[in-house]
Every structure is written in structure tokens, then in C-alpha cells.
Amino acid sequence: MTKLEKAYLAVNNIDRIRRRTDSSPVILLVTIIYLIAVLSVPVDRPQGIVWLAAYPVIASEMQGIGYGKVFVKSIWILPLLVIIGVFNPIFDKVTVLHIGSLAVNRGWLTFISIIFRGLLSFQAVILMILTTGFIDIFNMMRKVGFPSVLCTQMLLSYRYLFVILEEAIVMKRAREARGYGRKAYPFSMWGRFIGQLLMKSTRRATGIHRAMMARGFSGTLPLGAKYSWNKRSWIWLISWTAVIALLRFMDFSKIITEIIVR
Amino acid sequence: MSHHFVKYTNVHYRYEDGTEALKGVDFKVTHGERVALLGLNGSGKSTLLLLTDALLFPSEGEVNVGDVPVTKKTAETIRRSVGFVFQDPDDMLFMPSIYDDVAFGPRNMNLPEQEVERRVNKSLQEVGLKGMEEKSAYQLSGGQRRSAAIACVLSMEPDILLLDEPSANLDARARRSLIELLKGFKHTIILATHDLEMAEELCERTVILSEGVVAFDGNTSQIFSDPEILKNVGLL
Chain A
1 MTKLEKAYLA
11 VNNIDRIRRR
21 TDSSPVILLV
31 TIIYLIAVLS
41 VPVDRPQGIV
51 WLAAYPVIAS
61 EMQGIGYGKV
71 FVKSIWILPL
81 LVIIGVFNPI
91 FDKVTVLHIG
101 SLAVNRGWLT
111 FISIIFRGLL
121 SFQAVILMIL
131 TTGFIDIFNM
141 MRKVGFPSVL
151 CTQMLLSYRY
161 LFVILEEAIV
171 MKRAREARGY
181 GRKAYPFSMW
191 GRFIGQLLMK
201 STRRATGIHR
211 AMMARGFSGT
221 LPLGAKYSWN
231 KRSWIWLISW
241 TAVIALLRFM
251 DFSKIITEII
261 VR
Chain B
1 MSHHFVKYTN
11 VHYRYEDGTE
21 ALKGVDFKVT
31 HGERVALLGL
41 NGSGKSTLLL
51 LTDALLFPSE
61 GEVNVGDVPV
71 TKKTAETIRR
81 SVGFVFQDPD
91 DMLFMPSIYD
101 DVAFGPRNMN
111 LPEQEVERRV
121 NKSLQEVGLK
131 GMEEKSAYQL
141 SGGQRRSAAI
151 ACVLSMEPDI
161 LLLDEPSANL
171 DARARRSLIE
181 LLKGFKHTII
191 LATHDLEMAE
201 ELCERTVILS
211 EGVVAFDGNT
221 SQIFSDPEIL
231 KNVGLL
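Chains as they are written, first to last, in the numbering used here: chain A, 1 to 262; chain B, 1 to 236.
The set of hints was computed from the structure by calculation and includes no laboratory data.
Possibly wrong hints are sitting among the right ones.
What the hints assert, rightly or not - Okay, derived cross-link-like pairs now, DSBU-like style, lysine-lysine, Cα gap no bigger than 30 Å in a straight line:
| no. | chain 1 | residue 1 | chain 2 | residue 2 |
| --- | --- | --- | --- | --- |
| 1 | A | Lys73 | B | Lys135 |
| 2 | A | Lys172 | B | Lys135 |
| 3 | A | Lys3 | B | Lys135 |
| 4 | B | Lys28 | B | Lys183 |
| 5 | A | Lys200 | B | Lys135 |
| 6 | A | Lys6 | A | Lys183 |
| 7 | B | Lys28 | A | Lys6 |
| 8 | B | Lys135 | A | Lys6 |
| 9 | B | Lys135 | A | Lys143 |
| 10 | B | Lys135 | A | Lys69 |
| 11 | B | Lys72 | A | Lys200 |
To be verified - Away from chain B, derived, C-beta distances all over 12 Å, residues of chain A:
| no. | residue |
| --- | --- |
| 12 | Val11 |
| 13 | Ala54 |
| 14 | Val104 |
| 15 | Ile115 |
| 16 | Gly118 |
| 17 | Ile135 |
| 18 | Ser148 |
| 19 | Ala184 |
| 20 | Leu198 |
| 21 | Ala214 |
Cβ atoms here follow ideal geometry from the backbone N, Cα and C, with glycine treated the same way.
Please work from the sequences and hints to get the whole structure.
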């Protein structure tokens, strides 16, 4: 199985295994609260974010996913975060603290802060996807008041990714079957490959759209997931909101330092 | 039993690139009839089926499903009673699991989830895919995908079933199962196919399209007893 096929199945599995059990918008709400908490920490206070790492660690372990898996997947976002923050140390040279004789400027602090914020936010989203699946997330977004049109658009875009992937797998197989081991192709050929891929996927998307229309699709994707909001959901929401608020507003570093000093 | 018929009156269809797929098709399929639609590639079979399910609309002439003319306004009503099995089953299987694919139509009909589940289970049972609910289409064989596509339509319990080359890419066993399955469908069937034996076994009546017009309309047994009919339209 090629990497492309493995990737296809891995993403597909997330939604397939969700089955038709009851799901609750609580995970979406907790994730939104967590993202607000992470993003509300001032960018020049990276120490304020460190304790918020407890949420993805504890929640992923509680859900039986394992933090290691979430962390490894979150590393993919690192290059983007580096690009976003890399100019801060260069342009913001105001010294804000000394570590021994080493002067640390604000640019470095904000750079570290961006990396942390980005990683933790991405980890929370990954955790939500792994526990819930894309389709339920979009469905829950609809449930908690996001515009239906927007949710359907997102869902269809998500499904379109599969169409592109499927066509890419077929084209890759066809290329390999006649490539006789050749790995590298000139840049111009890749351009044609991508063009063909888009045309093929558009044709498939037209067919799929027709098949959807034939079965009564009228603009809103029916998902049929059952939703529950019960006592357990409230407990889960209130507990995590309290924990996240504590992690956000309590200065645990200071408390621990004071305990040690005493 | 439904009392739906399908009537084509001087139906023309021209694609945007100027290709005239249908050039005045006239015939009527009565309630409960099984009609084979034969013809070479590009003869207009698929176009005619798309028009019947209100996925295309005639450039000229009229298609009626029961008393309802096929128009943009009546499209939803038409699609509730007409089930269309597409030529490429992959077009019909786009959800993460086979269950969700088969449930897609009934859910669009706003049926209660319990009824959706009943219909999905029944349809999957009928096509021999019980136990495959949680698989994705990607994990099924070609024949299984075809069966899943048929289940997608059966779950909508249509009055009229349109099938576009349903036996394409099927092995002998899957083809036989499909024929037996369709024999059990008591409502109207319009079957576009290149599979002459399947047409003979399933359909009492055959309409042959050639270059967008009806070249033959009569008993299926007649075309097998008179090979000239098939020869004239290039099918032999």
C-alpha cells in the first residue's frame, strides 16, 4: 500500500469508526473554550501557556488516544509556526529578562509563545478530530449555531478531498504501471499531472453531485448522527471549563516557587 | 404498487457543447413494465435516464413521470419516486461508510432515524452486503460497490428504477445475483445496458436508441429472433 493510500484510509477511518453512537457537542465547546484560553494569553508571556498543555495531555490519555500520537501529529504544523514567528527575534530586540549573563529579547519570547500557542491549539483540534471525526464536528457546529450553509460547504470540501485523493491514487498507479521504476519527472510533467487530476476530480465531483441530487440532496447534508446532551455532558463541560480557567488564570509557577522557597 | 408511468414526448436534448444527444424520442413505459434500453455508446441512453430523474431537462419536448412533467420545479417530487443507479457506482458512494451512503437518500427524505436504519438494513440484506455497514467503498470489490450503489437506491423504496449499465464490470456470480435481485423488484424498471442476455432475461420489452432516436420498440424476444434489427443499429 502506498503512502497516499495509507493517508486516504487513515483519514477515512476517523469518520468510519465514529459509528452511529450518540455524540455530543460538548467536545466542540470544550475545544472552543480551550482555544480562547490559549489565544488570550499575552503573546509576550509564554510561561502563561505552559500549564495549559495539561489539557491535551490529560484529555488524550483519558480518551485512550495517547498524548504521544497527538504530539507527533501536531509537529506537522511546526514549519508554519516557525515561518509566522521567525522574524520576531530579528525585529523585536527589546531586552525583557536576563538569564545569568544572557539577555533575552522580547522577540524570542514572542517567538516561543507563537510556537507554544500554535502547537497547543493544533493539538486540541487534533484531539477533537480523533475523538469525534470530521463529519460529527461539522454536524455539531451546525447544532451549536454555526450557519448551516457554512457547515455544508465545509463538509463538501472535506468530501472533495477524498475525491481528489482517490483520483490521485488511480493516476499514481497508472503512472507507476508504465513508469518502469522511474521516480523523478520533470517539473512540466507535474504541472500536467496536477491539471489532469483537477479535471478528473471535477468530472467525478459532477457525477457525485448528480448522484446526490438524485437521492434528494437539497443543500444540507443529512448526517443522521444522534445527539445527546445529558448530565454527563454538563459534568464534562463544567469540569473542563473549571480546569482550563484554573490553568489559564492561576500562576502555578509562582505558587510552586513560593512553596519551594518556604 | 405504484401507478407511475413514464412518457417521453418528442424529447430533444442538446448538451452545452452543441452535441445533440436526443433528437425526438417518443415512447411510453407503463406501470410495472421492465424495459431494456439498448444502443451503441453515445446513442442517448444515459441522457434519457438523466432526463427521467430530473437531473437534466429536455431542450424540447416533454418527459412525464406519472402525471408530473419533469421540470426544475417538480425535480424533488420526481426524484422521490424515481431511483437512479448510476453507471459508475463510485459516483454514488461518497460517504465515509457504506451505512451512511445507503442512509443518504432516506435521511434526505427526513425519515426518522429508526426507519432509516430499518431501510438500510433491509437494502443491504437484499444486495448481500449485510455486515459491511462500516466498511468504506474503497475497501469493497467492484461487484460489491455495484451492489452497494443499488442498495443506496433500494433504501429509498422508489416506484421506478433506472439502471445505467448495471452489469458492467461484474463477474458471473455478481451478475447473476443482480439479475435475481432485479427480478424481485415489482415496480417499473428502465434498464440501459449493453448486456443483451441480461436484457433478454429481465425485460419483456426493448427500446433501441440509435443516434438519438428510437430505432426499435417492441418485444425483446423479437430482436433475438430477427438479428437484422440489431445489425441495423450496429449492435451485432
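Hint-by-hint comparison with the structure:
For the suggested pair Lys73/A and Lys135/B, the alpha carbons sit about 25 Å apart, so the restraint of at most 30 Å is met. About 23 Å separates the Cα atoms of Lys172/A and Lys135/B, which keeps this hinted pair within 30 Å; it holds. In summary, the hint linking Lys3/A to Lys135/B is supported, as the alpha carbons are separated by about 20 Å, within the 30 Å threshold. A hinted pair counts as satisfied when its Cα atoms are at most 30 Å apart, and Lys28/B with Lys183/B qualifies at roughly 21 Å.
Restraint check for Lys200/A and Lys135/B: satisfied, since their Cα atoms lie roughly 25 Å apart, inside the 30 Å limit. For a cut-off of 30 Å, the pair hint linking Lys6/A to Lys183/A stands: about 19 Å separates their Cα positions. Taken as a hint, the Lys28/B and Lys6/A pair is broken in the structure, with Cα atoms around 50 Å apart against an allowance of 30 Å. For the hint pairing Lys135/B with Lys6/A, the CA-to-CA distance comes to about 15 Å; that is within 30 Å, so the pair holds.
Distance hint between Lys135/B and Lys143/A is fulfilled; the C-alpha atoms sit about 27 Å from each other, no more than 30 Å. Distance restraint check for Lys135/B and Lys69/A: the Cα-Cα separation of roughly 24 Å lies within the 30 Å cut-off, and the hinted pair is therefore satisfied. Restraint check: the Cα-Cα separation between Lys72/B and Lys200/A comes to about 27 Å, which is no more than 30 Å; the hinted pair holds. Not every C-beta of chain B lies more than 12 Å from that of Val11/A, the closest at about 9 Å, which undercuts listing it as non-interface.
Remark: the non-interface label on Ala54/A is consistent with the geometry, its nearest Cβ contact in chain B lying 32 Å away (cut-off 12 Å). No beta-carbon of chain B is positioned within 12 Å of the beta-carbon of Val104/A; the least distance is around 48 Å. Consistency note on Ile115/A: stated as away from chain B, and its beta-carbon is indeed over 12 Å from all of that chain's, at 33 Å minimum. Residue placement check: Gly118/A keeps its beta carbon more than 12 Å from all beta carbons of chain B (closest about 28 Å).
For Ile135/A, the shortest C-beta to C-beta distance to chain B comes to about 6 Å, within the 12 Å cut-off, and the non-interface label is violated. For Ser148/A, the condition that its CB be more than 12 Å from all CB atoms of chain B holds, with the nearest at approximately 14 Å. Here Ala184/A stays apart from chain B, with its beta-carbon at least about 28 Å from theirs, past the 12 Å limit. Non-interface call for Leu198/A relative to chain B: holds, since the shortest CB-CB distance, roughly 18 Å, exceeds 12 Å.
With a closest Cβ-Cβ approach of about 4 Å to chain B, Ala214/A is found to fall inside the 12 Å limit, against its non-interface label.
In terms of the numbered hints stated before, the structure departs from hints 7, 12, 17, 21, listed from lowest to highest.
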